[in-house]
Amino acid sequence: MNTSAAHPSAPTTAETVSERKNYLNADYGILSWLLTRDHKRIAILYLISVSAFFALGSIFAALIRFELLTPEGDLMQADTYNRVFTMHGVIMVFFFLIPAIPAVLGNFLLPIMIGAKDLAMPKLNLASWYVYNLGGIFTLWALVHGGVDTGWTFYTPFSTTYSNTYVISTALGVFINGFSTIFTGLNFIVTVHRMRAPGLSWFRLPLFIWSMYATSLVIVLGTPVIAITLLLVAAERAFGLGIFDPRLGGDPILFQHMFWFYSHPAVYIMILPSMGVISELVAAFARKRIFGYRIVAFASVGIAVLGFLVWGHHMFVTGQSMYAATVFSVLSMLVAVPSAVKVFNWTATLYEGSISYQTPMLYALGFIGLFTIGGLTGVMVATLGFDIHVHDTYFIVAHFHYVMVGGTIMGYLGGLHYWWPKMFGRMYPGFLSRLSALLVFVGFNLTFFPQFLLGYMGMPRRYWSYPPEFQVLNVLSTAGATVLGVGFILPIFYFAWSLKFGKKAGDNPWGAVGLEWDTTSPPPTLNFYTQPVVTAPPYEYNREDVHNRTTQEAPVG
Amino acid sequence: MADHTHSSHHITSRKTYFFVFAALMVLTVLTWLVAQVDLGWANDLVALTIAFTKMMLVLLFFMHVRHSTRMTILTAAAGFFWLAIMLFYTLTDYFTRGASVLPVLGK
Amino acid sequence: MNPQPSSFQVIPEAASTLARDVDALTVVWTLISLFFTVLIAGLIIVFMSRYRRRHPDEVGLPERAPIWLEIAWSVIPLGIMLAMFVWGTLIFYKSYRPPANAVEYYATGKQWMWKFQHPNGTREINHLHVPINQPIRLTLSSEDVIHSFYVPAFRVKQDAVPGRYTSLWFEARKTGVYHMFCTEYCGTEHSKMIGSVTVMEPREYEDWLASGGLGGGAAGQGTSLSGAALFENLGCETCHRTKGGGGLQRGPVLQGVFGSQVKLADGSTVTADDAYVRESILNPQAKLVAGYDPVMPTFQGQVSEEQLSQLISYVRSLGPAGAAPAGGTGGANAGPGDAAGGQVDANAPQTAGPAKQPTQQ
Amino acid sequence: MASSPLTDTHGHGAHHHPALAHQFDSLDQQKESSTLGMWLFLVTEIMFFGGLFLAYVLYRGRYPEAFLQGSNTLNVWLGGLNTAVLIGSSWTMVLAIWAAQVNWRKGIVIFLILTMALGSTFLVVKAFEYHHKWEEHHIPGKLGMFFNSPFQFAGDEPQHVEIFFSLYFIMTGLHATHMVIGIGVLLVLTILAWKGHYGPEYYNPLEMAGLYWHFVDIVWIFLFPLLYLLGAHVH
Ligand code: HEA
Ligand code: HEA
Ligand code: CUA
Ligand SMILES: [Cu+2]
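Those protein sequence lines, which keep their order, are chains X, G, U and D. The first sequence runs 6 to 562 under the working numbering. The second sequence runs 97 to 203 under the working numbering. The third sequence runs 538 to 898 under the working numbering. The fourth sequence runs 12 to 246 under the working numbering.
Read the hints as simulated data drawn from the structure, not as lab findings. Just so you know, not all the hints are guaranteed correct.
Straight-line C-alpha distance at most 25 Å; calculated DSS-like pairs for lysine-lysine [claimed, not checked]: (1) D:Lys42 x D:Lys144; (2) X:Lys26 x X:Lys509; (3) X:Lys128 x D:Lys206; (4) U:Lys800 x U:Lys824; (5) X:Lys128 x D:Lys42; (6) D:Lys117 x G:Lys111.
Here are some chain G residues the structure puts well away from chain X; computed CB gaps all over 10 Å [what the hints assert, rightly or not]: (7) Thr112; (8) Phe115; (9) Ala119; (10) Leu129; (11) Ala138; (12) Asp140; (13) Phe148; (14) Val161; (15) Met182.
Every residue gets a Cβ at the ideal spot worked out from N, C-alpha and C, and that includes glycine.
When you get a sec, could you build the whole thing from the sequences and use the hints?
Set out below in structure tokens:
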């Protein structure tokens with residue numbers, strides 16, 4: 006992408022970065038953050054909240070893995086274990102993975118990448134952060150009072166009648182959190198429609214924007230359903246209604262339909278943004294236009310739409326009609342096609358590229374590999390005959406960690422490493438960051454690959470103790486988690502370090518093209534010095550005028 | 097910005113509003129009247145058709161969909177379409193279950 | 538009683554007609570996945586080295602995206618998937634429709650145990666004995682939350698949903714003892730809602746049925762068991778656990794109960810003697826212990842008189858301190874009783890709650 | 012100017028309307044954005060109530076008799092009255108916007124107050140209906156017990172009728188919650204209109220509140236036949 010006039014007389018050299026007014030030093034004091042309406046500051050606020058929840062969720066993951074070191078449940082009581090994996094799932098899904106990329110990277114970059122001054126509704130954006138934290142407080146309240154033990158899926162009638170833990174406040178926490186997600190999604194759609202810079206037509210949008218747009222569609226159409234579903238669960242529990250209670254004539258399977266109507270599309274809320282990030286990274290580090298740009302863009306929207314038609318694949322053995330199961334199975338295969346197309350297009354982009362192995366690219370390549378495995382096993386479990394064996398076993402646990410951790414988190418970390426210099430104007434250490442990418446990749450596979458085997462051997466999920474023959478693989482998995490944990494903890498330190506001591510990054514450290522690289526690092530409050538005008542499609546690495554700018558690269562480490 | 101047409105500041109007249117209001121009231125009475133008669137399977141069909149008509153009146157006139165951009169119409173339509181997806185696929189399960197309750201082959 | 542597979546194996550024992558189908562599907566799927574994973578990873582590695590950036594100013598070549606390539610890599614995976622879909626669905630249909638000669642068994646899930654009933658009315662808890670080479674249709678229901686019946690060796694799984702019946706079928710092809718799991722999360726003891734399926738030769742199965750159906754988990758062991766083993770087999774110990782065993786205490790700890798004064802829910806007290814224990818087992822709701830819910834199922838019809846007395850003597854053997862040990866008809870400590878014995882021996886007298894302290898000896 | 016970041020357009024020159032927010036270039040862009048935003052919000056509302064309609068359809072199909080009986084305990088007259096009241100309030104709502112369009116500022120206030128009055132009438136009638144349900148012991152679940160009126164139903168399938176009432180209370184309760192929020196919003200707008208904020212060139216907030224209000228009306232348009240008229244033919 007190219008702009009006619011970036012910032013003609015604005016200071017451009019790295020030395021003046023700190024003196025320049027930017028969104029970070031435009032204003033000081035805690036209130037200037039808490040009351041800000043600047044999408045970039047809200048992104049930072051979100052970064053802090055989301056990271057805190059990630060840390061919390063990870064501690065629970067560590068507890069799960071330690072408990073499963075031995076067949077007998079000796080680290081904690083069964084009840085405790087059930088609460089631990091429930092809190093792990095709830096926090097990771099609703100309070101980390103769903104907001105992570107949209108609310109942090111999306112918030113920061115979406116207006117910049119389309120050349121707007123801010124999102125269309127800045128107050129709503131700030132409200133979204135507060136609502137998110139309010140939902141978090143409800144959930145944490147439940148946590149400190151003893152937690153919930155329903156699993157992140159809140160299946161009835163266990164959650165409505167039999168569990169004697171804090172289901173209501175957790176459900177309300179997730180319910181409230183849903184509003185924050187909706188606010189973000191709604192804001193993004195409106196912004197993409199109405200605030201694009203002059204000349205920025207739909208097919209000049211970066212693929213990250215396309216994926217954020219598709220994600221937002223899913224958010225807007227899906228989230229209200231989980232809201233009403235969990236509200237019903239809370240109401241049923243509080244008032245003893247019978248909507249999901251078979252003893253009172255209700256139907257527990259209805260709950261599952263309503264839950265998965267949202268929660269399957271929600272997995273695309275998690276993966277689509279990450280796919281968008283990967284498109285940016287692959288283009289930037291192969292210095293090449295994404296292979297089949299339009300098809301990749303349409304694939305995002307295709308996944309978003311088709312993703313609404315497959316939820317029943319979580320219910321193959323619940324006694325769902327076998328005909329409905331058949332339909333859901335075949336539709337699940339259809340939705341895999343656009344995902345496959347994306348994987349192939351990224352790979353093909355590397356062909357004849359000019360590939361550099363900066364940290365973000367390592368994450369991107371890791372993503373492609375791990376997502377492929379996760380996705381393929383997803384299609385395997387979408388096959389009816391196979392799913393009856395592995396449903397609710399560790400095979401499923403492995404599948405979704407491959408897509409969620411190997412996919413989404415790899416994308417999130419890759420994106421964070423890619424745009425970090427833009428967000429804070431500083432570079433992080435190259436060696437350490439590459440090391441952490443490597444640790445994450447190796448640790449991840451060590452943790453979760455054995456779980457595929459465990460699952461096929463028949464180890465059910467949500468088991469606090471298990472028959473001894475499963476121990477070997479569980480020990481392996483726990484060992485892997487330790488490596489993975491180190492990989493996750495490292496960035497916390499070097500990112501923090503970089504804020505103060507990191508090398509000044511310059512405006513375009515990667516020599517990438519895109520509107521975000523045309524403004525300063527960190528960007529000014531209203532993002533640009535002059536209104537950018539877009540004259541070309543994205544990822545134009547072969548044009549002469551773009552070519553010149555690539556010399557600015559400041560190699561890392 | 098490629099996709100939107102300039103939204104007109106169209107002013108609907110008071111008369112139109114009144115007629116729409118009156119039509120809505122008439123339809124309310126109508127739906128009540130029809131409900132007194134047992135039409136068998138058509139009970140719900142008639143009731144829902146009337147409700148749907150009323151909804152369209154509100155949408156088109158009171159909510160100015162008549163004069164809005166294609167984008168608005170698309171958005172509203174998407175909402176109802178997705179609702180239909182949810183209802184349709186969920187009910188597909190329930191309505192085809194009978195078959196799987198008696199899954200005996202060759203008997 | 539738990540199955541002990543001879544060695545570590547990734548593909549679990551394939552012991553049903555369905556297992557082979559599922560395994561074949563798995564193998565083919567795994568090969569396909571392997572192919573695509575290796576393809577993608579291989580291409581990435583090749584491109585990574587071949588097109589490494591050699592100069593900081595270098596850019597990639599202009600992109601050429603031939604449409605046939607896009608079509609090819611959409612249509613080929615789609616074709617593969619559809620083929621696998623058809624195959625997988627056929628297997629699913631097969632698993633869904635029991636053959637006409639299937640024999641009806643019943644299973645009821647209940648927090649946290651499985652109760653089974655054989656066609657002749659014999660009942661079992663957490664263990665199921667079935668004859669080999671005989672299609673068996675299991676109708677599932679649940680008394681409380683959703684459970685899921687899963688036997689990995691048979692590759693079958695079906696949720697037991699409260700308020701309705703679901704079913705599955707299998708035909709075992711190998712004698713042996715196999716794991717049976719509950720795979721739908723159902724609360725505290727979800728991971729303890731496990732048991733075994735014993736596949737027997739038809740003759741042995743008949744013998745087993747004839748012996749009252751309460752043989753142990755091991756195949757062919759048709760002899761009657763001691764009170765301690767019965768206590769485990771009938772699932773008593775899922776509710777009457779020893780203190781410190783973790784999890785939820787659904788029924789009173791039985792150590793130290795016998796001979797003590799028991800406070801009942803209606804405020805009265807009663808001495809825990811043989812008659813009381815017998816009534817507690819056959820008609821649990823008649824005298825409710827104070828502080829507990831009326832959740833204990835009746836075992837009327839499931840235990841023979843002989844077994845009943847074995848149970849009673851076992852409960853008597855649990856204390857209080859100084860009470861006549863063992864003895865009785867069955868000789869509670871005589872049998873194998875490995876697991877249960879180990880569990881209940883631990884500091885028996887101290888575990889009794891204050892309300893149940895013996896007041897008379 | 013070129014070397015300083017794009018500054019906030021607030022207070023720059025008289026050609027900018029005071030209501031124009033900094034992130035927008037023109038009032039038109041702002042209006043279109045909020046319209047789209049509002050419609051997207053309504054889409055989420057459709058899906059939100061949609062979940063309830065799904066539950067309704069399922070149980071209605073499963074327990075048709077119980078639903079007929081339950082429906083017959085509702086007061087069609089009050090339901091009908093409320094339908095009329097709501098339609099009337101939708102009418103006054105559009106008239107408030109019309110008043111803004113023709114620059115009749117007092118009219119805006121009058122019509123907004125009328126709308127709120129009708130909305131409140133609806134809620135009052137609803138409260139009477141709820142009270143009546145309470146007297147008849149038709150409040151489902153523990154809620155009834157809490158209000159000292161445990162659920163009782165003399166006809167067949169009391170349990171399934173209880174499901175009807177659960178849905179009835181949740182659907183109408185959430186609808187009423189939306190009304191309360193709507194009235195709150197209108198109250199703010201009335202004050203702003205009183206202060207003269209709205210006129211022919213800027214009445215966007217009225218339009219947005221109107222969309223919301225009409226949507227709530229539409230929900231009721233469906234609730235009325237589905238809950239009240241369902242069993243009207245069997246007496
Ligand atoms: C980021 C989240 C994410 C993503 C992206 C996916 C992606 C997919 N998932 Fe996954 N899934 C989860 C998160 C996710 N899933 C979670 C959290 C659960 C468990 C919930 C719970 O119970 O707690 C779950 C469970 C789950 C189940 C239920 C299993 C069970 O409980 O029994 C199923 C069944 O169909 C399924 C299928 C799929 C499919 C078909 C895809 C597809 O979209 C994948 C498409 C991708 C590819 C196919 C890879 C790339 C393609 C190629 C390289 C080309 C070659 C391909 C072929 C020839 C096939 N998933
Ligand atoms: C974004 C989503 C996400 C993420 C990132 C993870 C991350 C991890 N998850 Fe999680 N997981 C889920 C989503 C996620 N999970 C969901 C939805 C479920 C289902 C829940 C349910 O069934 O309801 C689940 C369930 C689940 C299970 C199955 C539990 C069961 O069924 O009994 C297991 C078991 O191994 C597991 C392991 C892990 C591990 C090892 C990681 C690792 O990636 C984590 C790596 C991190 C660390 C190892 C710790 C890092 C250390 C710190 C941050 C410092 C503080 C730590 C200490 C001081 C101890 N997860
Ligand atoms: Cu029963 Cu899990
Ligand atoms: Cu899914």
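Now the hints, each set against the structure:
The hinted pair formed by D:Lys42 and D:Lys144 fails the criterion: a straight-line CA distance of about 44 Å is larger than 25 Å. The suggested pairing of X:Lys26 with X:Lys509 holds, with an alpha-carbon distance near 15 Å, which does not exceed 25 Å. Distance restraint check for X:Lys128 and D:Lys206: the Cα-Cα separation of roughly 23 Å lies within the 25 Å cut-off, and the hinted pair is therefore satisfied. Annotation: proposed proximity of U:Lys800 to U:Lys824 holds, straight-line Cα distance about 10 Å (limit 25 Å).
Restraint check for X:Lys128 and D:Lys42: satisfied, since their Cα atoms lie roughly 16 Å apart, inside the 25 Å limit. Pair hint D:Lys117 plus G:Lys111 holds up; C-alpha atoms about 20 Å apart against a cutoff of 25 Å. At the 10 Å boundary, the C-beta of G:Thr112 stays outside the reach of chain X, the nearest C-beta of that chain being 29 Å off. Against chain X, the non-interface label of G:Phe115 holds: every CB pair exceeds 10 Å, the least being about 33 Å.
The claim that G:Ala119 is not at the interface with chain X holds, since no C-beta of that chain comes within 10 Å of its own (minimum 30 Å). Remark: the non-interface label on G:Leu129 is consistent with the geometry, its nearest Cβ contact in chain X lying 32 Å away (cut-off 10 Å). With 10 Å as the threshold on Cβ separation, the claim that G:Ala138 sits away from chain X holds: the shortest Cβ distance comes to roughly 27 Å. A cut-off of 10 Å between C-beta atoms confirms that G:Asp140 is not in contact with chain X; the least separation is 20 Å.
Here G:Phe148 stays apart from chain X, with its beta-carbon at least about 21 Å from theirs, past the 10 Å limit. Separation of G:Val161 from chain X is adequate, the least Cβ-Cβ distance of about 17 Å exceeding the 10 Å criterion. The beta carbon of G:Met182 sits about 5 Å from the closest Cβ of chain X, which is not more than 10 Å, so the claim that it is off the interface is violated.
In this structure, the hints that do not hold are numbers 1, 15, in rising order.
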